[in-house]
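J.: If you read the protein sequences in the order shown, they are chains A and B.
Counting in UniProt numbering, the first sequence runs from 1 upward without gaps.
Counting in UniProt numbering, the second sequence runs from 1 upward without gaps.
None of these hints come from the bench; they were simulated from the model.
All of these numbers come straight from a predicted model, not from anything done at the bench.
Take the hints with a grain of salt, since some may be wrong.
Identical copies carry no separate label here, and so any pair may be met within one copy or between two of them.
[Said to hold, decoys possible] Pairs of lysine-lysine residues, derived as DSSO-like cross-links and limited to a Cα-Cα distance of at most 27 Å, are as follows:
hint	residue 1	residue 2
1	Lys24	Lys41
2	Lys201	Lys24
3	Lys45	Lys24
4	Lys236	Lys17
5	Lys24	Lys309
6	Lys201	Lys41
7	Lys41	Lys174
There are 2 protein chains.
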Amino acid sequence: MKKLINSPDSVIADALKGIEASDKGVRVDHENRVIFRATPKDAGKVALISGGGSGHEPMHGGFVGQGMLDAAACGEVFTSPTPDQVLAATVGVDNGAGVLHIVKNYTGDVMNFEMAAELAAGEGVNVEAVVVADDVAVEDSTWTAGRRGVGTTVLLEKIVGAAAEEGRDLAAVKALAEKVLEGGRSMGMALTSCTVPAAGKPTFDLPEDQMEIGIGIHGEPGRHREPIADAKTIAKQLVEPILADLDYSGSSVIVMLNGMGGTPLIELYLMYGEVVELLEAAGVTIERNLVGNYITSLDMAGCSLTLVKADDEILGLWDAPVNTAGLRWGL
Amino acid sequence: MKKLINSPDSVIADALKGIEASDKGVRVDHENRVIFRATPKDAGKVALISGGGSGHEPMHGGFVGQGMLDAAACGEVFTSPTPDQVLAATVGVDNGAGVLHIVKNYTGDVMNFEMAAELAAGEGVNVEAVVVADDVAVEDSTWTAGRRGVGTTVLLEKIVGAAAEEGRDLAAVKALAEKVLEGGRSMGMALTSCTVPAAGKPTFDLPEDQMEIGIGIHGEPGRHREPIADAKTIAKQLVEPILADLDYSGSSVIVMLNGMGGTPLIELYLMYGEVVELLEAAGVTIERNLVGNYITSLDMAGCSLTLVKADDEILGLWDAPVNTAGLRWGL
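Sequences are here, hints too, so could you generate the full structure?
T.: Below, the structure is given as structure tokens:
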């Protein structure tokens, strides 16, 4: 296994040490494995937390900071955080205005965030939740009933984070999150598997001449495998299922062309160029974009595409200042 | 070959199309393969250009923009840009205050930038150059007489970019660049080879249980190979040669823990945590840091460490606003 680690058992603890040393905008609760803002938000503002299995960096810990999340609960690699972790995050960020849970649709995550919300309610915290289920590739999957939650999570955390920073109340923040999710869809593909440190070998075998279309962010099976094609063909296989699932023609969108962790930026830019041509031909107006590694799958090579419908409200919130390790502008 | 490309022949042209579509802060001269700022700097300010082989993204094109470079000449993968490309960049950015060439120490780059400088001088442009040769791993290498130029380039472009933005004259900007280079050292390592698209196979073979210490950014041989060790041991193999080469004890530094392109962020954070412990134990004060993919080697897995001595002048320039695809803060 070719990884820069000390031991499969200490990956999360060791990575959290590095995150804390690198990012002066956060503090780490090492016991609960929760990343908090170093300076909490002003009193009376809604707090946002997310979390999930580790191995998707910079998501979620890299999105803790001004303009995005208030805290992130970090599970073991590809493993949901426990209810106790989510509870520590929730209670730790609440300042009376309530907390929104941003949950990706995996059975363990949904269950543990729900349990934490109940426990937090018992401690007097007002919690609401939204569940991201934006992956058009498959219905139901290895760890999911319904659709998997993937790239829209990143854009959601930015947009809703700006709204919470503005001082909107919990109901308004949740309604905005639901609007973003209604207009958000994703589709991914892989050139290689990923290797979970504790397993020590690739999660699945993908022959040297094959790729998998519709892959999940933990290596869950996609729609099908086929011989590796050129970037133009792959771009079609990402764009077409998204446009078939939701009508984006005539819409303004924010686009993310995301790397899975093992694919270099030169290839992501190249793919983005192909995606832009297809979206423009389909009558979609790209207002903003992200190209890079934002929601990864350890060392998997491949990419995913996310579209979110963006009206003036959403664009204004997108452009608002953000200061996190993973996204930073306007400050 | 598992890559998101259309054809090995069109990688650069296609990637430039995507860069132009993604980054509204640049415009691309596709004929000369030069990335310029979309909005040129104010008249009377020194312009900075760099460039080199492609495959190291975001360097250099991702560092074109307010607070860093004025233009970058993009060669073929791992191939120096031609004198004509560098000339187009140089003439294109000069507004009367002169141009500083930031050149990494590879024979082809040095030769072609020198030739371009002579041609530009013939057109009345005042050109100065600095050569980055910061890699402590080896003296002389596959494409280099003397030391190779690597990570310090990124930090140099940020620091000197801020000074040029302030309006310092060409001699002052060059003197600052030389000061940064005096205090800058790097050391890298690889877990895997990289694959140049035109070659279609890994540049070198590195057995499944081996790593290479002191690797160059084009896969040039390092100091030695050995069995893959834990992150603590690898961190020592990066830190110790740097501290042996230049006395950093008692110094304030900016540190970059850089990914080679195929290594995910979770591992880079983990490595950064180990590096911080060693530097603190050696009496080095870390004032600022970067952790991520900044100077890559296509899909190579591995990382490199760069230290630059940072006095108050350099820290002030580091903190100055920057607005590029690859580095963005304060704006």
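J.: Hint by hint, note whether the structure agrees.
T.: Results for each hint:
no. : hint            : verdict
1   : Lys24 to Lys41  : within (15 Å within a copy, 31 Å between copies)
2   : Lys201 to Lys24 : neither (35 Å within a copy, 41 Å between copies)
3   : Lys45 to Lys24  : within (22 Å within a copy, 33 Å between copies)
4   : Lys236 to Lys17 : between (41 Å within a copy, 17 Å between copies)
5   : Lys24 to Lys309 : between (33 Å within a copy, 20 Å between copies)
6   : Lys201 to Lys41 : neither (42 Å within a copy, 51 Å between copies)
7   : Lys41 to Lys174 : within (18 Å within a copy, 43 Å between copies)
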